[in-house]
Amino acid sequence: MSLLELDDLSVTYRIASGEVPAVRGVSLKLDSGAALGVAGESGSGKSTLAMALLRLLPRDARVGGRILLDGDDVLAMKWGRLRAVRWAEASIVFQGAQHGLNPVQRIGDQIAEPLFVHGQADPRQARKRVAELLEQVGMPTWRARSYPHELSGGQRQRVMIAMALACSPRLIIADEPTTALDVMVQAQVLTLIKELIAEQSISLVMISHDLSVLADVCDQLAVMYAGRVVENGPSREVFHEAKHPYTRALAAAFPTVGDPVSRLAPKGLGGDPPDPMDLPTGCSFHPRCPVALEECATLDVGLWPAGDRRTAACVHVRAKEEAS
Amino acid sequence: MIETETSSDTVDTAHHTLLEARDLHVEFPSRGRRARAVDGVNLSIGAGEIVALVGESGCGKTTLARTLMGLERPTSGSVVYDGTALDYRSKALKAYRKIVQLVLQDPMGSLNPRHTVYEAVAEGPRIHGLSGEREIVAEALSRAGLRPPERFFLRYPHELSGGQRQRVVIAGALALNPKVLVADEPVASLDASVRGEILALLLKLRADLGLSALVVTHDLGLAWNIADRVAVMYLGRIVESGPVEQVLTAPRHPYTQALLSVLPESPERIVLTGEPPDPTRIPGGCRFHARCQVLASGKAAEAGVDAKCRSELLDILPATAAAQAACHYAELSA
Numbered sequence: 001m002s003l004l005e006l007d008d009l010s011v012t013y014r015i016a017s018g019e020v021p022a023v024r025g026v027s028l029k030l031d032s033g034a035a036l037g038v039a040g041e042s043g044s045g046k047s048t049l050a051m052a053l054l055r056l057l058p059r060d061a062r063v064g065g066r067i068l069l070d071g072d073d074v075l076a077m078k079w080g081r082l083r084a085v086r087w088a089e090a091s092i093v094f095q096g097a098q099h100g101l102n103p104v105q106r107i108g109d110q111i112a113e114p115l116f117v118h119g120q121a122d123p124r125q126a127r128k129r130v131a132e133l134l135e136q137v138g139m140p141t142w143r144a145r146s147y148p149h150e151l152s153g154g155q156r157q158r159v160m161i162a163m164a165l166a167c168s169p170r171l172i173i174a175d176e177p178t179t180a181l182d183v184m185v186q187a188q189v190l191t192l193i194k195e196l197i198a199e200q201s202i203s204l205v206m207i208s209h210d211l212s213v214l215a216d217v218c219d220q221l222a223v224m225y226a227g228r229v230v231e232n233g234p235s236r237e238v239f240h241e242a243k244h245p246y247t248r249a250l251a252a253a254f255p256t257v258g259d260p261v262s263r264l265a266p267k268g269l270g271g272d273p274p275d276p277m278d279l280p281t282g283c284s285f286h287p288r289c290p291v292a293l294e295e296c297a298t299l300d301v302g303l304w305p306a307g308d309r310r311t312a313a314c315v316h317v318r319a320k321e322e323a324s
Numbered sequence: 001m002i003e004t005e006t007s008s009d010t011v012d013t014a015h016h017t018l019l020e021a022r023d024l025h026v027e028f029p030s031r032g033r034r035a036r037a038v039d040g041v042n043l044s045i046g047a048g049e050i051v052a053l054v055g056e057s058g059c060g061k062t063t064l065a066r067t068l069m070g071l072e073r074p075t076s077g078s079v080v081y082d083g084t085a086l087d088y089r090s091k092a093l094k095a096y097r098k099i100v101q102l103v104l105q106d107p108m109g110s111l112n113p114r115h116t117v118y119e120a121v122a123e124g125p126r127i128h129g130l131s132g133e134r135e136i137v138a139e140a141l142s143r144a145g146l147r148p149p150e151r152f153f154l155r156y157p158h159e160l161s162g163g164q165r166q167r168v169v170i171a172g173a174l175a176l177n178p179k180v181l182v183a184d185e186p187v188a189s190l191d192a193s194v195r196g197e198i199l200a201l202l203l204k205l206r207a208d209l210g211l212s213a214l215v216v217t218h219d220l221g222l223a224w225n226i227a228d229r230v231a232v233m234y235l236g237r238i239v240e241s242g243p244v245e246q247v248l249t250a251p252r253h254p255y256t257q258a259l260l261s262v263l264p265e266s267p268e269r270i271v272l273t274g275e276p277p278d279p280t281r282i283p284g285g286c287r288f289h290a291r292c293q294v295l296a297s298g299k300a301a302e303a304g305v306d307a308k309c310r311s312e313l314l315d316i317l318p319a320t321a322a323a324q325a326a327c328h329y330a331e332l333s334a
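Sequence lines, in order, name chains R and P.
Counting from 1, position 263 in the first sequence corresponds to residue 263 in my numbering; the numbering is continuous, with no gaps.
Counting from 1, position 138 in the second sequence corresponds to residue 138 in my numbering; the numbering is continuous, with no gaps.
Any given hint could turn out to be false.
With beta-carbon atoms standing in for the labels, derived distance ranges [said to hold, decoys possible]:
{"no.": "1", "chain 1": "P", "residue 1": "271", "chain 2": "R", "residue 2": "146", "range": "46 to 54 angstroms"}
{"no.": "2", "chain 1": "P", "residue 1": "112", "chain 2": "R", "residue 2": "15", "range": "21 to 29 angstroms"}
{"no.": "3", "chain 1": "P", "residue 1": "129", "chain 2": "R", "residue 2": "145", "range": "38 to 46 angstroms"}
{"no.": "4", "chain 1": "R", "residue 1": "60", "chain 2": "P", "residue 2": "131", "range": "47 to 55 angstroms"}
{"no.": "5", "chain 1": "R", "residue 1": "31", "chain 2": "P", "residue 2": "210", "range": "54 to 62 angstroms"}
{"no.": "6", "chain 1": "P", "residue 1": "271", "chain 2": "R", "residue 2": "56", "range": "28 to 36 angstroms"}
{"no.": "7", "chain 1": "R", "residue 1": "75", "chain 2": "P", "residue 2": "210", "range": "54 to 62 angstroms"}
{"no.": "8", "chain 1": "P", "residue 1": "269", "chain 2": "R", "residue 2": "290", "range": "52 to 60 angstroms"}
{"no.": "9", "chain 1": "P", "residue 1": "269", "chain 2": "R", "residue 2": "58", "range": "33 to 41 angstroms"}
{"no.": "10", "chain 1": "R", "residue 1": "16", "chain 2": "P", "residue 2": "290", "range": "50 to 58 angstroms"}
{"no.": "11", "chain 1": "R", "residue 1": "102", "chain 2": "P", "residue 2": "249", "range": "39 to 47 angstroms"}
Don't read these hints as lab results, they were simulated from the structure.
Quick reminder that beta carbons are idealized off the backbone N, C-alpha and C, glycines included.
For reference, chain R alone in the conformation it holds in the complex (with noise of 0.2 angstroms):
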């Protein structure tokens, strides 16, 4: 059975101009032990979604479909459950470390926290644990005492990750948790998270604008646009051979060193991301869109199967499903 499964899921903000449909109908689904990378740029959705999968979101969202956990459905759950769910069930690890962190607290107080909360530690145990959970993200337990300002960008985001990990969840969702790191420090979280998710078998779900970041952790990668998983499948597949027109400019912004075609030509996409508020009508992506054909502007195909395990919402992939 998935671990996690994303039924139909939306969720609209409600703001003094009128409404934001922030996610538009987002199925997902995640076995236990295996990694789904979701991808897109700003107001594409997915730190919304990311922050929907624990109830986080602020209290003007209104959440639409189901998002079940191991068969229980978190929209549905009562408080007291909800709670006994984040952290001991499902974690999340947020991006910018700076502000994530208590700055007049001992870091091994925090780390404890969670196992307090959940009853799962006296003192003395809690020591323990934090001392294992230091050494699990690779920094010195005499560590426990620091203060957040005394930690590198780096440490802090390791320390964020022991904090997730304190209560052994099943899952933990990343949002973001190297975007403000130098590609160095960078790849020693990434490397950490790869290992952690491979000797504990924790689920992840990565949220990320860096498509290449997704495909070198993740198996699975859900590309977003305008609150909608405009294409998904293996994360190496959909990197490397792209269906839909959006996810092969996005792995395009990410040039490969080396790669001769991209040698002084850098490639983008015209336009910007659209506003939620004021969508596109249509395939939302047609404006941008270096394939568009006319029925575009009014025809908004959905996802179809586009090979093995793949799926793409565009209309020269249905036209090639239909051909066949």
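Starting from the structure of chain R, add chain P where the hints point.
Quick look at chain P alone, frame taken from chain R:
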């Protein structure tokens, strides 16, 4: 025979040198110590050349860029523009800052939210007392790809997308008709699909106006996308430099090799442990030796240079265009 000896020098004259750092040192006081942010750098930027300055945060690349702009004064060494050392008296500096323009990252932070696009772009021409302001602004905006320019005159930054804001910042620089752009992470805060267009704009400005550019970035893919030459900086020094094709496909310095190896899809990763060390405590010997994978693996010892790595300082690399690396181990195969 003598002529073949000078072959490396002829590479230099491919571009007439426009902007140059000569044995540049910039130090700051930091918690009671001296931080050697730029610790001996020679770097030249030729006319019409795009040079990428690559390194991790804290390596001194932004300080170097600011010093080249005349925003910081070097502790020693000099900044030379078109053969003349930079004069730090205010009048001369004002004239210099018309020629060399800074393009900042994060256009949301560098644009005044209460100024219209027109006012933002007209600010420079006003300070320098240029006439024909309206035409200058219109031309700068259309050069930066905001067309028709009149449509953007009265808009405010919050009404624009990230890519458009970055174009306004670039238009502000172009309004003074500069010769050199210094761009600090010009696309770091932009969405992936928009980055390519902004980078293509920098290439177009070079083609149309012959602009030179120093692009400061941590992104090697960006260097591959737009730069002619790349300089890799580590702890205040340039440790490797040369033509992009050469340095990025056949790096010789272990640090450059490690940086390239952690890019997604590279076959074998060299993940350096620790963070870039502190510019207030630059190690003796080769400044990279404490993190160097070639030294740690014993390869340097096999080649008999390990003692040198730990104790012998390396010469500051000259400002040549040819590929070069500051490494005792790499010198053996040179």
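Among the hints numbered above, which are violated by the structure, and what are their numbers in rising order? 1, 3 and 8
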